Amino acid sequence: MLEKVKDWSDEFYESFKPIAMGFVNEAEKCLQCGKCTGQCPAAAVTPSYNPRKIIRDLVFGNVKRVLSSVELWQCFFCSGCYSVCPMDINFPFFVFMFRLAAMNEGYGWEDVKQLEGYAEKSYLKDGITVSTFERNPYVLDTVGDIGKIRAEAGLPPERKVSARGVAEINMISDLSGMTAFMKQIGGVELLDCKSCTDEQAKRCKRKPMPSKVGKVKTHYRFYNYGEPGGKKHAQAG
Amino acid sequence: MAENFMEEYGQETSREAAERTLSYFRELFSLEMPLGRMMKMMPGMVKFAMHGKDTRVDLLKFVPQMMPMMKAAVSGKREG
Amino acid sequence: MAKKTLIIGGGIAGITAAQKIAQNGGTALLIEKEGHLGGNFAKLTYTFPVLADAKGIVTREIKTAEELAGIEILPRTTLESCRGEAGNFTVELGTPSGRRTEQVAAIVVAAGFHYMEPTAYTEYAYGRSAKVVTSLEFEKMAAEGRLPQGPARVVFVHCVGSRDKAKGYRYCSKICCSYSAKHAIMLKQANPEAKAYVFYIDIRALGKGYEEFIREAMEKYNVRYIRGRVAKVIESGDKLLVRAEDSLIGNPVEVEADLVVLASAMEPPQGSRALAGILGIATDEYGFFREAEANVRPCHSSKEGIFLAGSCTQPMEIAAAVAMGGLAASEALILSR
Amino acid sequence: MPRLDKVAQIPKPEQIFFFKSCVASNKYPGIEACGTESLRLLGVEPVESEEQTCCGGFVTFANVAAPTASMPAVARNLSLAEEKNLDTCVVCNGCWTFLNEFGHFMNHNEEVKASVNMMLNMMGRSYEGSGQVFHIAELFYRLKDDIAKKVKRPLAGVRAATHYGCHYLGGGKYSAIDDAQMPSYMEELIELMGGTVVPYTANRECCGTGFTQIINGKDLSLEHTQRKLDSVREADPDLLIVQCPYCHSQLDRVQQQLNFRQGTDYQTPVLHIAQLVGMALGVPEGKLAFAAHISGRKRLEEVWDRVGR
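Residue numbers (the numbering used here), protein chains in the order written: chain F, 1 to 237; chain E, 1001 to 1080; chain H, 2001 to 2337; chain G, 3001 to 3309.
Hints should not be assumed to be uniformly reliable.
When the alpha-carbon atoms are kept at most 16 Å apart in a straight line, the in silico EDC-like pairs for lysine to aspartate or glutamate are as follows [as the list claims (entries may be wrong)]: (1) G:Lys3084 x G:Glu3110; (2) F:Lys148 x G:Glu3048; (3) F:Lys17 x E:Asp1058; (4) H:Lys2174 x H:Glu2219; (5) F:Lys160 x G:Glu3051; (6) F:Lys160 x G:Glu3223; (7) E:Lys1040 x E:Glu1027; (8) F:Lys183 x F:Asp88; (9) H:Lys2131 x H:Asp2258; (10) G:Lys3144 x G:Glu3187; (11) H:Lys2167 x F:Asp88; (12) G:Lys3173 x F:Asp88; (13) H:Lys2208 x H:Glu2317; (14) H:Lys2140 x H:Asp2202; (15) H:Lys2033 x H:Glu2067; (16) H:Lys2174 x F:Glu28; (17) F:Lys160 x G:Glu3048; (18) F:Lys17 x E:Glu1027; (19) G:Lys3113 x E:Glu1032; (20) F:Lys125 x G:Asp3179; (21) H:Lys2167 x G:Asp3179; (22) E:Lys1071 x E:Glu1019; (23) H:Lys2165 x H:Glu2285; (24) H:Lys2165 x F:Glu26; (25) H:Lys2165 x F:Glu120; (26) F:Lys125 x G:Glu3048; (27) H:Lys2003 x H:Glu2102.
Pulled a few chain H residues facing chain G out of the computed Cβ check, cut under 8 Å [stated by the list, open to error]: (28) Glu2123; (29) Arg2128; (30) Ser2129; (31) Ile2234; (32) Ser2236; (33) Leu2241.
Calculated from the structure, these hints are not laboratory results. Quick caveat: nothing in here was measured; it's all calculated off a predicted structure. Backbone N, C-alpha and C fix where the C-beta goes; we use that ideal spot for every residue, glycine too.
Kindly generate the complete structure, drawing on both the sequences and the hints.
Structure, rendered in structure tokens:
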């Protein structure tokens, strides 16, 4: 599709650099050499995901395309791109910062919604993010009670963070606004594939269609850098 | 129905999104402590103080350090 | 009688400078730290963009220099110290037979370059797999007839050590694009059954006939050019898996290769900073000698009476090194009259 | 080759702050039990603290928390070690990168450090940035001479493959003790304890967890893990040695999930390097906690028999 080239905004990138606590830097040094994509585990299994293209859009100021893309949420956070980058561009941090920005614009809350439980139910309640809770029946049958295994290994049956420790991270969370942030996410159930209308199903390429996540009005994301991939779509197409 | 983001969000330029993003980050990563932000922190501190005796003691130790910041925040607001 | 000119480095630039000085009535003292003249040129099999016999050309030039009366060649000799000023330098040379002091009017530095050893590039399995070689090793293999036989796939990787802030140098090494094309053609000529893949970022063919040379590799020899820097080379059985992105399509690609050739960058000669310290001239951030003025005085070093020639100033091709050798010689002659 | 100059910089401590990992504690307790026990056998006393929480990496990179929230959490956890005047030892790549990167960032940004410290002062703590964070595998490599001397159960006849994990290598581009692209210290450790190293093609590939992709993009995650497992199966090692509990969990559990979904038969036991070292040093069977492992339990028993319980 013909796309009108807009004047890119030098100021955006320049003013973005210092603000993001210095994490995001040096994207303008990108050579577009493609070494990042070449070794990317996500790109190897997703046709449209391409770190190089996202950096290019970022530097040229096509922020809207990055923010509204599904691809932004497909990064594996493996840091492989950073480890091979000839210009030391820390791309995973770009993704991290841009996911925050995308959420501010109303994209991607349905992804975060699925992870929010780890923070609210585990991290803030127990001080530990991954709990002993197990959903997989096979694992439950094979492993049984982790507490018993822990006791056999000479550890207390349950790893506990002291009440003081939990109170401290709760205060950090409250004071830095993380708790309020999570409250925005919680609450409203997502629509899933079974309950969505035909109209919604037509537009939905992969993700369940959210109407609203928590108190946030969400927007639809698109595959902005290519076609959706995966075995499922190969069959559907 | 929109097939891609250009159709769906075509009216809105990247510049507007970029400006919103910038002001969001500016606020998020600001190290300044204006009164409004300090007031937002109060409930969390109260919650922490209510947790137990030891937390209350630690928080009280912090009060002398907090007073000048409070003063600066309040006066800053008056000037601005 | 004309005063002597000291020439440091017996590569093609140094040989040319010595020839021109002698042919114009001067006397040249050519020192070389190796046992023989020829430098990096002598390690090549073919030249580009015209595939000419490199060894033959170097031998001819060395012979010309050796036959000229005004040239004294000192192999296995290094510069120990240097004092004085333009027109009257006192240099101390370390020769195999002991120290030797000379009075010279001018000094031409033609210290050449060094092919970077890509040991830092462990993602390319260099040093771990015998099937990953540098372009210099590829030249050697070609000269000895050890190129892969039959339907082998050979991958050429551009920009190894150049255009790389993290592990190499930020500059463009200038000649790698062309010599990789030369290698691909050499491979196809020796073994038409072989498949050659070249991974590039940009093709920089800056020279007369270079663009046509690379187009010839693509068109006549069917060398496959893929735009993307190779991300990693993985050993898999007796094959190598080369992973990269075809960035014109935007998809990761994988090539199962039998040989991977790394086009390693031209880096400053080893010990260039020490040599610069002895001579009292300036180097740039990488260790190349700095010219006084890049455009119209390319062969003047930061010190009067010391001239620069060849690839010790920047990555350059043979023709440019020869031209610069001649220019340095004529500058030196002015001082030695 | 490990960079020996960096290895030499790691002190040989008498005590170290043992940083517990969520996954290691709650899914594979053997990592925690073996980590502390083998350090003790090597003459390093692990010091634990009940007040230590999760490093905060997961919630941060799941975008549930902004760095403004996780920075003080990192500083708080590091300050626990600083109070005791100790360096920190972690068993998880995620903790390692997260504590290291954010710690490094705070140490080089006085303004941020001051603002973080303000929050810590409220709870009677402060962060200086004096301690260092080491991965337990780095410590093992540092103490490899002691390990060689103290091997009780030599791993003779055990064929082991390695998996380093992205967050150690990628995050440690400049701070890891080994080359980020072609590390080899785990191989050295395995050979030192008498085992055989099995090379395989996808050695340096990501395990496929993709941080949150195992939850949000399960298809992608499983597809990538399957690539890795296929390559592992081709080489057919007795054990797959990892150094990150998260990779451990992915590689162990996804084998079963793929077997269930696709009828494949992946059965490779996955072990953390702390468990392997513990096994060689003669840590009692209960502490290895192999009961928590899911895939390749039969094979693990065979290895046990070969090594001699």
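Right, here's what the structure says about each hint:
no.	hint	verdict
1	G:Lys3084 x G:Glu3110	violated (23 Å)
2	F:Lys148 x G:Glu3048	violated (21 Å)
3	F:Lys17 x E:Asp1058	violated (37 Å)
4	H:Lys2174 x H:Glu2219	violated (22 Å)
5	F:Lys160 x G:Glu3051	holds (9 Å)
6	F:Lys160 x G:Glu3223	violated (35 Å)
7	E:Lys1040 x E:Glu1027	holds (14 Å)
8	F:Lys183 x F:Asp88	violated (36 Å)
9	H:Lys2131 x H:Asp2258	holds (7 Å)
10	G:Lys3144 x G:Glu3187	holds (12 Å)
11	H:Lys2167 x F:Asp88	holds (10 Å)
12	G:Lys3173 x F:Asp88	holds (9 Å)
13	H:Lys2208 x H:Glu2317	holds (11 Å)
14	H:Lys2140 x H:Asp2202	violated (27 Å)
15	H:Lys2033 x H:Glu2067	violated (21 Å)
16	H:Lys2174 x F:Glu28	violated (22 Å)
17	F:Lys160 x G:Glu3048	holds (12 Å)
18	F:Lys17 x E:Glu1027	holds (14 Å)
19	G:Lys3113 x E:Glu1032	holds (13 Å)
20	F:Lys125 x G:Asp3179	violated (39 Å)
21	H:Lys2167 x G:Asp3179	holds (12 Å)
22	E:Lys1071 x E:Glu1019	violated (32 Å)
23	H:Lys2165 x H:Glu2285	holds (13 Å)
24	H:Lys2165 x F:Glu26	holds (12 Å)
25	H:Lys2165 x F:Glu120	violated (42 Å)
26	F:Lys125 x G:Glu3048	violated (20 Å)
27	H:Lys2003 x H:Glu2102	holds (11 Å)
28	Glu2123	holds (4 Å)
29	Arg2128	holds (7 Å)
30	Ser2129	violated (10 Å)
31	Ile2234	holds (6 Å)
32	Ser2236	holds (4 Å)
33	Leu2241	holds (7 Å)
Consistency note: the structure conflicts with the earlier hints numbered 1, 2, 3, 4, 6, 8, 14, 15, 16, 20, 22, 25, 26, 30.
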